[in-house]
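Spelled out, the chains give:
There are 2 protein chains.
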Amino acid sequence: MPEVRIREVGPRDGLQAEAYIEVGARVALIADLIRSGVHTIEAVSFVSEKAVPAMAGAAAVLESLGPLPGVTIYALVPNVKGAARAAECGIDHFTVTVSASAAYNAKNVRMTIDESVAEVAAIRDLIGPSPYVDAVVSCAFGSPYEGDLAPADVHALGERLVSAGANASTYADTTGMATPRRIADLVAVTGPRIGLHLHETRGTAMVNAYAALELGVRDFDTSIGGLGGSPFAAGAGGNLSTEDFVHLLDDVGLSTGIDLEQLLTAAARLATVLGRPLPGKVANAGPRSRLAAG
Amino acid sequence: MPEVRIREVGPRDGLQAEAYIEVGARVALIADLIRSGVHTIEAVSFVSEKAVPAMAGAAAVLESLGPLPGVTIYALVPNVKGAARAAECGIDHFTVTVSASAAYNAKNVRMTIDESVAEVAAIRDLIGPSPYVDAVVSCAFGSPYEGDLAPADVHALGERLVSAGANASTYADTTGMATPRRIADLVAVTGPRIGLHLHETRGTAMVNAYAALELGVRDFDTSIGGLGGSPFAAGAGGNLSTEDFVHLLDDVGLSTGIDLEQLLTAAARLATVLGRPLPGKVANAGPRSRLAAG
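Those protein sequences? They're chains A and B, same order as listed. This note's numbering puts the first sequence at residues 1 to 294. This note's numbering puts the second sequence at residues 1001 to 1294.
Since the hints were derived computationally from the structure, they do not count as laboratory data. Yeah, the Cβ is synthetic: ideal placement off N, Cα and C, and Gly gets one too. A hint or two may mislead.
[Said to hold, decoys possible] In silico negatives: residues of chain B with every beta carbon more than 10 Å from chain A:
1) K1081
2) A1209
3) A1211
4) S1241
5) A1268
6) V1273
7) A1285
[Unchecked claim] Cβ-to-Cβ under 7 Å is the rule here; a few derived chain B residues that face chain A:
8) M1177
9) D1250
10) V1252
11) A1292
Work the whole structure out from these sequences, hints included.
Put into structure tokens, the structure is as follows:
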């Protein structure tokens, strides 16, 4: 078992704000990730294809992937309708995002927080007791609308979502307002058995992950190449880069089961697909072990 | 007294790999930094103007700045000749870089490490006992040529430089090979009373600074906008961004004496001078306290 569990969100969060990439290239990316030893992947999103055109073709991606023994594929679903579409495709791991910020939730899914909690309960009713639901609490470290949110309130929302039918909670720094202090403040309330989803908006994704590691957190969402950011959060910055994080974890001596060199090959292919360098650093600089020729 | 002491290296390390910027704009940047509460600045470099054209006009920058009560101005000098030029301009704080990597030192200053140590002694002879000399040990966390360097050897070089006449040592992660583990390994040998000069090449500048803070290090070189990187270190990545670091320190509750909003104004002006966005994150996203309008 790896000491740090990485859920790769590149095919979903990483690509959702990009121009549409065809199904074949998205499937190839997922296959590359699996080849690198990534075993948990948020691969698709069953959102409105009109609202988020980059995520169109979720069913086709899943069909093309086929059965993947030993790999856990998550689908993001914004509501019961999305969950129904995902379930039809055989999805048994769901992420549902509810914001700790009422204003952000209204913009993102056009629901009140209470409506979103009820939606999680309705999703559980629809899919039955077996599938795994991870409730992602967004704006968990502050909201660009309301500012700081009390960690106790953020945790209470995570707990409400578990009571409504989620199996676990992940706390997301959607707009990059987390700092090591804010991470510590939340983990003091939640304990370390949470997932974290961190963004690089203010240059703190890695330092926040490190602070969380020191506090015992072991579940992280990361995105290949550091791609990503909500299409509804201006200047959201990318996600914590998978390869930058694996590079650090390898050096610190915490296992992930992921092969960095293979992952860098996958990142290089993705940069070719996108036609530009990735925001991640190690994808561009190479690992610290790669010496200069001359 | 601030709890964390920042030496701003933007006007030197930040600009050295950029196209030449005229003296007036560099003086305005330094004035902006001082207005922000930055009191220690590596302002100029007395290197070969042919080798590093961006640093031409060091004497004119210093003359235009005039006396700056309460502000410490450092000049980087590569050798005795540079030190003589700096001393003629009234400089009384010098940085001299010697690499822990023999191959890097040869490329950077065309000297063996022994020759560089002797050069520090010669600089001390030239300038007399009063001026302050900070010896910057570059490639302190690994070399792109030799790979990992033993912390004991790196520390020994810092000590040799102090014996040769330097007042203190700063350890530089010139090519972004430091990680929190490597920081801890070096500080275990040196103790925390060192300066650190960190680069973002592999996405670790901030996390390394944070790890160092936890170990008690309180002296950091940073660069406004995260600009910088050696012109002789390919893909060097920028320096730790001053405003990103101040943003984090403010939130963590460690004082710097620097006003973040003023600093962001300075960064915005610098971006205009350069004609492109700065690599630093907070300069682009704004501080976490700046809420969205809508």
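Hint check:
1. K1081: For B/K1081, whose nearest Cβ neighbour in chain A is about 27 Å away, the distance exceeds 10 Å, so it holds.
2. A1209: violated (8 Å)
3. A1211: violated (7 Å)
4. S1241: Given a closest Cβ separation of 6 Å, the condition is violated.
5. A1268: Label holds. Min Cβ-Cβ 15 Å, cutoff 10 Å.
6. V1273: holds (22 Å)
7. A1285: violated (5 Å)
8. M1177: Interface hint status for B/M1177: holds (4 Å vs cutoff 7 Å).
9. D1250: violated (9 Å)
10. V1252: holds (5 Å)
11. A1292: holds (4 Å)
Checked against the numbered hints given earlier, the structure breaks hints 2, 3, 4, 7 and 9 and satisfies all the rest.
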